[in-house]
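S.K.: These are the residues of each chain, in order.
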Amino acid sequence: MQVHQQVSEYSDAIDLMVNMGPQHPSTHGVFRLVIWVDGERIVKVEPHIGYLHRGSEKICESEQYSQIVTLFDRLDYVGNLNNELAFCLAVEKLTETVVPERAEYIRVILCELNRIASHMLFYGVYGLDVGATTPMLYGFRERERVQELFESVTGARMMHNYIRIGGVKEDVPDDFDKNVLILLDHLKRGVDECDRLLSQNEMFLARTKGVGIITGEDALDYGVTGPALRASGVIEDVRVTDPYSIYSRFDFGIPVGSNGDCWDRYYVRVEEMRESIKIVEQAISDIPDGDISAKVRRIIRPPVGEVFVRTESPRGDLGVFLVSDGSDKPYRVKVRPPSFANLQALEYMLEDTYIADAVLVLGSIDIIMGEVDR
Amino acid sequence: MKIQNPVVGFINGLMVTIRSTLRRPVTAEYPAIEKRLPLSNRFMGFPALTWDYDIEEPYCTGCMVCVRECPTQCMSAQMKDNPQHEKGLSRRRKIIESFEINLGRCILCGICVDVCNFDAIEMSHEYELSKYQRNANRVNLNQLLDMGVVYQNKLQWTPKQPQKNSGIPLPPKQSEDSS
Ligand code: SF4
Ligand code: SF4
Numbered sequence: 001m002q003v004h005q006q007v008s009e010y011s012d013a014i015d016l017m018v019n020m021g022p023q024h025p026s027t028h029g030v031f032r033l034v035i036w037v038d039g040e041r042i043v044k045v046e047p048h049i050g051y052l053h054r055g056s057e058k059i060c061e062s063e064q065y066s067q068i069v070t071l072f073d074r075l076d077y078v079g080n081l082n083n084e085l086a087f088c089l090a091v092e093k094l095t096e097t098v099v100p101e102r103a104e105y106i107r108v109i110l111c112e113l114n115r116i117a118s119h120m121l122f123y124g125v126y127g128l129d130v131g132a133t134t135p136m137l138y139g140f141r142e143r144e145r146v147q148e149l150f151e152s153v154t155g156a157r158m159m160h161n162y163i164r165i166g167g168v169k170e171d172v173p174d175d176f177d178k179n180v181l182i183l184l185d186h187l188k189r190g191v192d193e194c195d196r197l198l199s200q201n202e203m204f205l206a207r208t209k210g211v212g213i214i215t216g217e218d219a220l221d222y223g224v225t226g227p228a229l230r231a232s233g234v235i236e237d238v239r240v241t242d243p244y245s246i247y248s249r250f251d252f253g254i255p256v257g258s259n260g261d262c263w264d265r266y267y268v269r270v271e272e273m274r275e276s277i278k279i280v281e282q283a284i285s286d287i288p289d290g291d292i293s294a295k296v297r298r299i300i301r302p303p304v305g306e307v308f309v310r311t312e313s314p315r316g317d318l319g320v321f322l323v324s325d326g327s328d329k330p331y332r333v334k335v336r337p338p339s340f341a342n343l344q345a346l347e348y349m350l351e352d353t354y355i356a357d358a359v360l361v362l363g364s365i366d367i368i369m370g371e372v373d374r
Numbered sequence: 001m002k003i004q005n006p007v008v009g010f011i012n013g014l015m016v017t018i019r020s021t022l023r024r025p026v027t028a029e030y031p032a033i034e035k036r037l038p039l040s041n042r043f044m045g046f047p048a049l050t051w052d053y054d055i056e057e058p059y060c061t062g063c064m065v066c067v068r069e070c071p072t073q074c075m076s077a078q079m080k081d082n083p084q085h086e087k088g089l090s091r092r093r094k095i096i097e098s099f100e101i102n103l104g105r106c107i108l109c110g111i112c113v114d115v116c117n118f119d120a121i122e123m124s125h126e127y128e129l130s131k132y133q134r135n136a137n138r139v140n141l142n143q144l145l146d147m148g149v150v151y152q153n154k155l156q157w158t159p160k161q162p163q164k165n166s167g168i169p170l171p172p173k174q175s176e177d178s179s
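Residue numbers (the numbering used here), protein chains in the order written: chain Z, 1 to 374; chain E, 1 to 179.
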């Protein structure tokens, strides 16, 4: 609303329309942004999405339940395991499958490690967005360690297809506990190092403090979730407010920011990595023995009905709505991707900032286009 | 989080950089074969068919379960009567005649391995897709078996259900019972 008023106010003064993307390295995928500027000040922005649309939701309707997990891998291709988990939870809720304890623990450990890997990617890429190339190397170094662990457990570095309906694909290797503890040691040091390298850097502060501010109420109105919402001071994390899987058993904090600017959105993620490390530590210390998968048929035919499940993916509140007509293929799968909702607030955040900050604000929301366009 | 004195933050960052310069590099040069990173045992590369060394024939019977379960429909298979079975050399009544996987289309999900009842297909450690010909990523039965043999030798592979899936003919006193 306000944005449009401004356009009419400034309409005489608008002197340039800048087209950014779709093939722009800092748009994190294929994303087009049309920016109207008045001098250096942004008057209006118009995001264009859909360049990566693959029709995943429609393809889901012609695949069996067990095959759809592979499609969910490819929605948010940085937080794959979290996406797999969301779909598997939905089917399990519909079929009332009870997942064995051990599988739950393995899932939580891997999902939290995936969150760390995803935030590490954000850290590195955000450094690049600001104009610093060094943080990228640090972020990717830590992420690489997590992915090495994933490779030894799931067999793949990104598209795992490891979390299956009713449990996980196979048991973790024997040296899993040991490797996770070593990894956590590295990660703790890595996060501290990353923090020291960038967070307090004067130039970084000057670029990100007070840029792209969104207040808590406005963020809620726009449907912003995840770290971007928590940076505005709203305490909202599905793992705590509406616990799924076994998250209610762990003791961890929710980092919140206070200003809702780019720096807060960045720092909330750094703190979140520390909290994730705490969760993994607790989970690895009391992981039980036992089965890794409930007894499910190869071809799953859930009863007629519909179900909605929400989980906390690295980017925010990931919802899966599933309608079953009793056959082996779902009638409808609807994904509520966090990146898509967070992107809606971009227009608001960019209002009245400088054009040089457009990339910064876009980067701070941490969008994944695979999830926005599906 | 309190904002420190900017000079402190800057010096802290510099210290991190200086300390990192003294470490060993974590990067590897990719195309050089001897410098590649080692793959873990569970690594999932392209699917490959396994070879039964006991009686020198493939494990695959061409039952088409994997073809039906593949989410991308990238495989096709055809079965035939097993000539070795007629001679009494093998327990497999049917055997694979032709098998084709379009590796460019395969998404390395591993579902085919999970559904195969005969331990006949495994995710090999091959992962390179660049080829000189346009259709060179459509691999046929012989190429798949070659990939499988490399994988089997590398990992000392043994079937998961050796009793059930061995092709060695049963001792004569039990009645002829195919796989
Ligand atoms: S690989 Fe296995 S599932 Fe596929 S056709 Fe051969 S025996 Fe059947
Ligand atoms: S790995 Fe997946 S996509 Fe590839 S052939 Fe097997 S089932 Fe098909």
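Keep in mind that a hint or two might mislead.
[To be verified] Below, in silico cross-link-like pairs of lysine to any residue (SDA-like), each with a Cα-Cα straight-line distance of 25 Å or less:
1. Z:K188 with E:T27
2. E:K164 with Z:R157
3. Z:K329 with E:I55
4. Z:K209 with Z:V256
5. Z:K334 with Z:D291
6. Z:K93 with E:K154
7. Z:K329 with E:E69
8. Z:K188 with E:N102
9. E:K80 with E:I55
10. Z:K334 with Z:D171
11. Z:K93 with Z:D171
12. E:K160 with Z:R298
13. E:K35 with Z:E151
14. E:K164 with Z:K178
15. E:K160 with E:G45
16. Z:K58 with Z:I300
17. E:K80 with E:P169
18. Z:K178 with E:C63
19. Z:K188 with E:T21
20. Z:K278 with Z:K334
21. Z:K278 with Z:K58
22. E:K154 with E:L170
23. Z:K329 with E:C63
24. Z:K334 with E:T21
25. Z:K209 with E:N5
26. E:K160 with Z:K329
27. Z:K209 with E:K154
28. Z:K58 with E:N102
29. Z:K329 with E:S76
30. E:K160 with Z:D221
31. E:K160 with Z:K58
32. E:K160 with E:N12
33. Z:K329 with E:P71
34. E:K154 with Z:D15
35. Z:K188 with Z:D221
36. E:K35 with Z:K334
[What the hints assert, rightly or not] Selected chain Z positions facing chain E (in silico; Cβ < 10 Å):
37. T70
38. H160
39. R196
40. Y354
Bear in mind the hints are in silico, worked out from the structure with no lab data behind them.
Where is the CB? At the ideal position from N, CA and C, for every residue including glycine.
S.K.: Hint by hint, where does the structure go against what was stated? Just the numbers, ascending.
M.R.: Violated hints (numbers, rising): 2, 3, 5, 6, 8, 10, 14, 18, 20, 21, 22, 24, 26, 27, 30, 31, 32, 34, 35, 36, 40; every other hint is consistent with the structure.
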